[in-house]
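Protein chains: 2
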Amino acid sequence: MRSRICKLLRIQYPIIQGGMIWCSGWELASAVSNAGGLGVIGSGSMYPDILRNQIRKCKAATDKPFAVNVPLLYPDLDAHIAIIIEEKVPIVITSAGNPATYTPKFKEYGLTVMHVIANVKFAKKAESAGVDAVIAEGFEAGGHNGREETTTLCLIPLIKSQVEIPVIAAGGISGGAAMAAVLCLGAEGVQMGSRFAATYESSAHEGFKQEIVKASDGATSLTLKEITPIRLLKNSFYNKVQDAYARGASKEDLSLLLGRGRAKKGLFEGDLEEGELEIGQVSAQINRIISAKEVVEQTMNDCLAVLQKTQLAFKFE
Amino acid sequence: MRSRICKLLRIQYPIIQGGMIWCSGWELASAVSNAGGLGVIGSGSMYPDILRNQIRKCKAATDKPFAVNVPLLYPDLDAHIAIIIEEKVPIVITSAGNPATYTPKFKEYGLTVMHVIANVKFAKKAESAGVDAVIAEGFEAGGHNGREETTTLCLIPLIKSQVEIPVIAAGGISGGAAMAAVLCLGAEGVQMGSRFAATYESSAHEGFKQEIVKASDGATSLTLKEITPIRLLKNSFYNKVQDAYARGASKEDLSLLLGRGRAKKGLFEGDLEEGELEIGQVSAQINRIISAKEVVEQTMNDCLAVLQKTQLAFKFE
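Line by line, the protein sequences are chains A and B. So in the working numbering the end of the first sequence lands on 317, straight run, no missing numbers. So in the working numbering the end of the second sequence lands on 1317, straight run, no missing numbers.
There may be inaccurate statements among the hints.
What the hints assert, rightly or not - Residues on chain A that point at chain B, a partial pick, calculated with CB under 8 Å:
no. : residue
1   : 108
2   : 112
3   : 153
4   : 158
5   : 182
6   : 214
7   : 216
8   : 217
9   : 281
Because the hints were derived from the structure by calculation, they are not lab data. For glycine and all other residues, C-beta sits at the position ideal for the given N, C-alpha and C.
For reference, chain A alone in the conformation it holds in the complex (with noise of 0.2 Å):
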């Protein structure tokens, strides 16, 4: 397919699993990559050590190109970055912080960078520190998120119409009908994360893959906003979070009763009633747990089928 984000990332489609923690470890990223997308080892929920291991275990499974996505506001950061580099890990992607920080040292090892961004001024920042591309993310993804809620139909254009760098889109899109209409709003790639988090090389905790499988419209909710706003699956822990809302909760208590460990606990431990259970609103559209390679497969046929058919429609009667 004729894309930047092909050229720029070496890969055959323009899709990006989105680098989750809990749930992308070398396995699901390796898939990816090999079924000519883009794998995401997830560093979020990893100490050191084990993030020189996943990405150890990725090469040994892949020779195609994949990417470790960094939460800049990592507590290990400095060793997450310093192993990045001396893993030769061709592609990184960091958000939840800023993009001038890391972007020239990672540009000096050779590194491609992309940055996840919810707003303008984000957008143009990242422009500015040089990254490659931005990754544009709606208010119905899943896990953290930016707080002007702004969602994917009207993030899209507003930011492909204040940056020359590439735009991938993310938030929203489980399959080719999405991919083919935010690829109409300007964005040249996808990333999907609720939808590679219920695969079978996602590692999250089964009963999770089972609970997006079942989600419905209104599953999830955009909360916790006082400390970061997270998506989530309503359950116990929610419902805790709304009672202690109604209470007139501080953002004190908030942080205490969120506590420690509670994303493990929900995604990789399947504690599905006291766990975050962080997973996007379209997870009302995932029905099934099919394989990394069918996601990518589908996602391109569906996309070209539905941008056939719908440009059919157009025939004047």
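Fit chain B to the given chain A structure using the hints.
Coordinates of chain B only, in the frame set by chain A:
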């Protein structure tokens, strides 16, 4: 264009103008209908005698079909419904209520009925009630909004998969690229509100139209969820609502703060600080006041061009 919506509504292009309080009187509705779309009189801000007058003026200004939008929570509802039937308005769009209550009556008099929904449950309910099409409106839309906060990108495929009747997409659409996007998602037509609010023919106050043009990303917020969720431009009134939340205001406090007539104050009288400025996220993409005819024509031209261009990217190299 081949679209069930064009056939159903006897219009040339599947573009429906959102029925907006204080913005969409007969001038806008007739201009949209004359341009080949479906013009809509927003009855929510009108007393019965004003509505009758508006309908008559609209009939005098166009011989094409037009519609009246009826929020089913309106105090003068029965009077409005009687007038719509008496004046032989061909199409009615209902919202904010149970589609089963009035659809049979409208159908008895031969009207085409469309109902605005924001979730699967009400889409199915509307179909069972016999409506001819649903208008599925996403989180990014201006004014009153659903509680599930499902975005247009996520909502359209879901609704499409659950009903047989045509689905019209609303929320986040201001031109041809977004129209192409939602057609890819399975919508058979679009409803645009914010874009038509900022036209010459809109009856909104000139000051409000300029606010739409000036709006950037993050300029709106969905608030007052305890009363009825509503998307507004952030202004002094919005800040007062935020202050009330910070003080732990009750639903009653919020209702008192909201008071009566704030939408009129903002949208029609141009009080940009104390009025309720209902508008969608897509306002960030609206940079010029143009005519309703230009909206319709540019949207159709751009939609086709975007679909053709996007498909061209699929020539595999």
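Now the hints, each set against the structure:
{"no.": "1", "hint": "108", "in the structure": "violated (31 Å)"}
{"no.": "2", "hint": "112", "in the structure": "violated (20 Å)"}
{"no.": "3", "hint": "153", "in the structure": "holds (4 Å)"}
{"no.": "4", "hint": "158", "in the structure": "holds (6 Å)"}
{"no.": "5", "hint": "182", "in the structure": "holds (7 Å)"}
{"no.": "6", "hint": "214", "in the structure": "violated (14 Å)"}
{"no.": "7", "hint": "216", "in the structure": "holds (7 Å)"}
{"no.": "8", "hint": "217", "in the structure": "holds (5 Å)"}
{"no.": "9", "hint": "281", "in the structure": "holds (4 Å)"}
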